[in-house]
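With these hints in hand, go ahead and build the complete structure from the sequences.
If you're matching them up, the sequences are chains A and B in order. Residue 91 in the working numbering is what sits at position 91 of the first sequence, and the numbering runs on without skipping anything. Whatever position you read off the second sequence (first residue = 1), add 1000 for the working numbering.
It is worth saying that the hints were derived from the structure and are not from the lab. Watch out, some of these pointers could steer you wrong.
Which stretches of chain B does chain A cover? Using the computed rule of at least three CB atoms under 8 Å from a CB of chain A, they are [claimed, not checked]:
no. : region
1   : 1258–1264
2   : 1271–1281
3   : 1298–1310
Here are a few chain A residues that face chain B, going by a calculated C-beta distance under 7 Å [stated by the list, open to error]:
no. : residue
4   : Tyr5
5   : Leu20
6   : Gly21
7   : Leu32
8   : Gly35
9   : Tyr40
10  : Phe42
11  : Ile45
12  : Gly46
13  : Lys262
Computed from a prediction, not measured in an experiment: that's the story for all the values here. Quick reminder that beta carbons are idealized off the backbone N, C-alpha and C, glycines included.
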Amino acid sequence: MEIPYTVTARPDTGLANPKLGIWLFLASEVMLFGGLFSCYIFQRIGAEPGYWPHGLLNVPIGFANTLILIASSVTVILAWASLKMRKFNQYMWFMLATIACGLIFLGVKLTFEWPPKLGHFGAILKKEALVKYEGFLGNEHLAERKLEPRVEISGHLLPPESYAHDAVKKELHGRALIEAVVHDPNVHEFKVVVDPENANPKDKANERPHFIPRDRPGDDVEKKLKAEGKSEEEIEKDLEHRNMLAVIHKEDVQWASSFEPKHNNYFATYFMITGLHGAHVLAGVIVFVYFFFTGRALYRRNPEQLANRVEVSGLFWHFVDLIWIFVFPLFYLL
Amino acid sequence: MSAQATDHAAHADHAHDEHHHELGWWRKYVFSTDHKVIGVQYGITGLLFLFFGLLLMLVMRWSIAHGEQPLPGFIGWITHMFFGNGVITWTDYTFPSGPRMGEVLSGWSLTKEGYNVFGAMHGTIMVFFGIVPAAFAGFANFVMPLQIGAPDMTFPRINMASYWSLFISCVILLLSFVVPGGAAKSGWTSYPPLAGFADAGFWHVLNGQTLWILAMVFNITASLLGSLNFIATMVQLRAPGLTWMRLPFFCWAIFITAYLLLLAFPVLEAAAVMQLMDRVFGTSFFMPTGLIVNGQPAAFAGGGSPLLWQHLFWFLAHPEVYVLILPAIGIVTEIIANNTRKPIWGYKMMVGAIFTLAFLSFIVWAHHMYMTGMGAKVSAFFQTTTIIISVPSVILLTALLLSLWGGSIRFTTPMLFATAFLPMFGIGGLTGIPLAFNAVDLYLHDTYYIIAHFHYIVAPGTIFAIFAGVYYWFPKATGRMMNEFLGKLHFWGSLIFINGVFGPMFLQGMTGMHRRWYDGGEVFKQTVGEVLYWNWWISLSAWLLGLAQLPFIINFVYSIFAGKRVTSDNPWDATTLEWETPSPPGHGNFIKPIHVYRGPYEYSVPGADKDYSPQAEPPPGSPDLAATPHLTPAAAH
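In C-alpha cells form, the structure reads like this:
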C-alpha cells in the first residue's frame, strides 16, 4: 500500500499532501499566537496608567535579530530554488546559511536579550508611598507633561551589610541575590544604584526609559570611588548625594523582584511570547539540520521530494519569521 | 481469501512496497500506523475513560444522596486510599500504609476535597478523554478513510503520533490521582484565581492542578495532529468520482469538527501555557491585584485578569460543544438512512447547516459568562448570536426527523439508539434556549438545570450515538455481529434510567439547587428542601444506569471472540464505501480499485434491482470506470 500524492500534486486540488498539511498546521499556529497576542492586548489595555512599562528592551539588538531572521527567510527560499535547479552543492551552502542565522538569533536571545533582565532589580511602590520617593520618580513633572506616572524604582541592587562577608557575596549575585534579599525577613530596605530615569527623573531624555544597554552613571561613580580606596559607607553617601542611590523601605514596596516573568505582566507576556517563538526557531533549526545531514541520500533517490520538504519547512520558517515581525514592534517599539 | 490476494499483489510489486506484511505483533497492533488500528485504539481508550468517568459520578451520587455517610464496603476503602485526602502534603505523605487517626474520623466517606476532585475529573475525563477520543477520533479514524475510499490517512505516522500523544496525556491524568493532594479540584473549567494557587505541591509541578494542565497540553497536541490529518485526508484522498456533495454526511461532520478543533484548541493551548506559567513561574496572567488567600496577601505581583482565562477557555469550549455533538449527528445520519431504507431528507441543507453552525460557534462563547458582569452590550451581542445558532441546530434535527417519515424502519440495536438520540438531543437543545437569554440565565446559572441541559445533549445524545456507531460498525471492524438481545437490553435499560437521572434535575435546578453542593444541599434545606427527595431517586437511577451498561460490556467482549460471523461484507445492505472492503479490512483497505458513481444515500431507488444502490456500483449499462487504470488514485501517484 502506498499513500497517493505524497510528492506530486493531486490534479483537482493542485496540492501535494505535505503542503496542505503544513498550511493547516500554520492555521492552528495562527490561532495559538493569536491567543497569545490577544492576551498582550487585553493585559496592556487593562493595565493601570504607569503599570505597563515602555522602552525597556534593546532596540538595536532586536532590530539586528529581525534582519537576521529576514535574511534566513531569503536563504531558505534560495536553498529550495537551488534544489529545483538541481544544484545540490548550492543548496547545502544556503541551508548552512539558514541554520547559521537561526542559531545566531537564538544565541543573541540567550546572551544579550534575556540574561541582563534576570539580574536587574525593580521595586514597584505602593501608591500611598509614591510621594515619599518623588525625587526618584518625578511624577509632578510627568503630570505637567501629561504623561503616565512612574511607580517603579529600578537598578542594580547592592547587597545589604549583613551579606558583606565574602562567602555570601561569592554565592549570591544577579537574580539569586535579589530573591534572597526580597525574601529575607531581616533585611528591611533595598539599596539600589538606580537607572538613569530614576537618577534624573525630570530629564526629557528619560521620559521613555532605556536602561539597557546604557550603563548606569552610578556604576561608574561607584567604581571610581572604589579605586580611590573609599569605604563602602562613603561611596553610598556620595551616590545618595548625587541622587544615584535609592534606599527603599520594604513596607513601601508593593512588589519587588528581578525583571523576570513574575515581575509584572509586561515581562510575563514578553518572556512567554519570545520564549515560544524561540522554541519555534529551535524546532525549525533542528529540522534544517536534519535536512542538511540526510538531504544527500534523499536527493539521490528523489530530488523532487527533498525540494518539497525544504519548501514545506520553509513555509513554517516564514511563519516563524512573520511572528517575529509582530513581536518586534509590539514589544520593542510601542 | 481477499487478504491472500493483496499479499500476492504486494509480493509481485516488491520493489516499491518494502514494508507492512512482515510487521511484528507490536508494530501491527500497538505501534501501528494503520488508521483502523489507531481508530480502535482511540475508541477503546475513549470507552474506558467514559466508563471511568461514569464510576466517578456514581461515587459522587452517593455523597449527594447520603451526605457524609461512609461509602459502602470496598468502595469506601478504595476511594479513601486513592482519592479521599485532599489536604496531605509531601512531608506527611503515607500512601499506601493506610489511613491515619485524623482521616479515619471522616469515616471513609468521600471528603469535600475528594468530591471536588471527582467533579473536576468527571468533567475533564468525559469531555476531553472520553467523548472526543471515542466519538470523534475513534470513529473518524476507523470509518472516514473507508467511506472516502482511501488506502489510509494522508499522514499515517502523524496519526500514530496523535494517538500516543493522547496516551501520554491519559497517563499523566491518571497519575494525577495518586500524587499528594489528589487530582485537579478546581472544576473542569479550571477557573483562576482558584486554579492558580490550588495545590502548591512539589516544585509546583507534581500536583494535581499542574498535571491537569500538562495532560491538557498533550491532549490538545493529539487533537491538533489528528484534526489536520482528517482534513488533509478528506481533501486529498477521496476516491475518483467522490465529489464533495457525494460524501456521506458523517464525513462532512468529521470535516467540520476537525476544523473546529484545529482552530479553537490552540487558543486553549495558549491559555494553558499562561496558567502553567502562573503556577510554576509565579506570573500573574490571571491573578488580580490585591488577592488575599487564607487571610494572607497572595505571593503574586497582580495586575492580571481572571476574566481573560474565561474568555480564552470558552473560546475553545463553546466550539468544543459542537465537537461533541457533530460526529454524533454524523453517525446517527448514517444509521437512520441505512435503517429507514430511504435517502436522508435535506442532505444539502444539513451540510449548509453544519457550516453555519461551525462559523457561529466561534462567536457565542461569552454566553457562558453572563454572570461575570462583563456588561449589558456584550451580553446582548452574545445573546443574539446564541439565539441564531439554534436555527441550524433545529435544521439538523428536523431533517433527521423527516427522514424517518414514510420509511420502512428496521429497529435494529443501532437504529434504536439512533432513534432515541433524536428526542433526547431535542430535549437538550430546547432547554438550552432559555439559557441563551441573559435574564433567565442569571437565575439558572450553575444550577442543576444547566447540568440536565447539557447532559441531555452529551449523555443520551452523543453517548447514545457512540453506542449506535459501535453496534453499527462492529461487524466491519471484527467480522462478527454483536448480540441483538443483549443490545436491546442495553438500550432499554440505558434509555429508562438516563431519563431517571437527568429528568428530575430540571426540577431541582429550577428550584435553585446549585450544581457544586457536595452534600446534595442538606445545608441549604430551607431554600431547596422541597426538591431534595429527588436526590435519592436520581442516585438510584444513576446506579441502575451503571448496571445497565453491563450487557454492553459483556456483549462487546463476547462478540469479539464468539459473535455470529458475518455472511457478507455488507451485512446491513448499506450504500457507502466502507462496506466494499473485506471484514475486517486489511492494511490498505480496498482489494479492488474504487470509483464512485452516485450520492451516499441511494436507498429504494425506483427501478433498481434491490433497495440499495452502493456508491461504487456502476449504473446499469455504464462501463466500469474503476477498471480504467489512469483514474485510480494509485496510478496518479
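Status of the hints after comparison with the structure:
Look at the region 1258–1264 of chain B against chain A: 3 of its residues bring a Cβ nearer than 8 Å to a Cβ of that chain, three or more, so the hint holds. Coverage of the region 1271–1281 of chain B by chain A holds [criterion: at least 3 residues with CB-CB distance below 8 Å; count 5]. Only when three residues or more bring their CB closer than 8 Å to a CB of chain A does the claim for the region 1298–1310 of chain B stand; here the count is 7, and the claim holds. Because the closest C-beta pair between Tyr5(A) and chain B is about 5 Å apart, less than 7 Å, the hint holds.
Using the Cβ-Cβ criterion of 7 Å, the hint placing Leu20(A) at the interface with chain B is satisfied: the shortest such distance is roughly 5 Å. Annotation: Gly21(A) was flagged as interfacial toward chain B, and the flag holds, the nearest CB pair being 5 Å apart, inside 7 Å. Checking Leu32(A) against chain B by beta carbon gives a least distance of about 4 Å; that is within 7 Å, so the hint holds. Proximity of Gly35(A) to chain B holds as hinted, the smallest CB-CB distance being about 3 Å (cut-off 7 Å).
A hinted interface residue such as Tyr40(A) counts as satisfied when its beta carbon comes closer than 7 Å to some beta carbon of chain B; here the least separation is about 11 Å, so the hint is violated. Proximity of Phe42(A) to chain B holds as hinted, the smallest CB-CB distance being about 5 Å (cut-off 7 Å). Given hint, Ile45(A) at the interface with chain B, is violated; its Cβ is 10 Å from that chain's nearest Cβ, farther than 7 Å. At its closest, the beta carbon of Gly46(A) sits 6 Å from a beta carbon of chain B; the interface hint therefore holds under the 7 Å criterion.
Hint status for Lys262(A): holds, given a least beta-carbon distance of 4 Å to chain B, under 7 Å.
Hint violations for this structure: numbers 9 and 11, all remaining hints satisfied.
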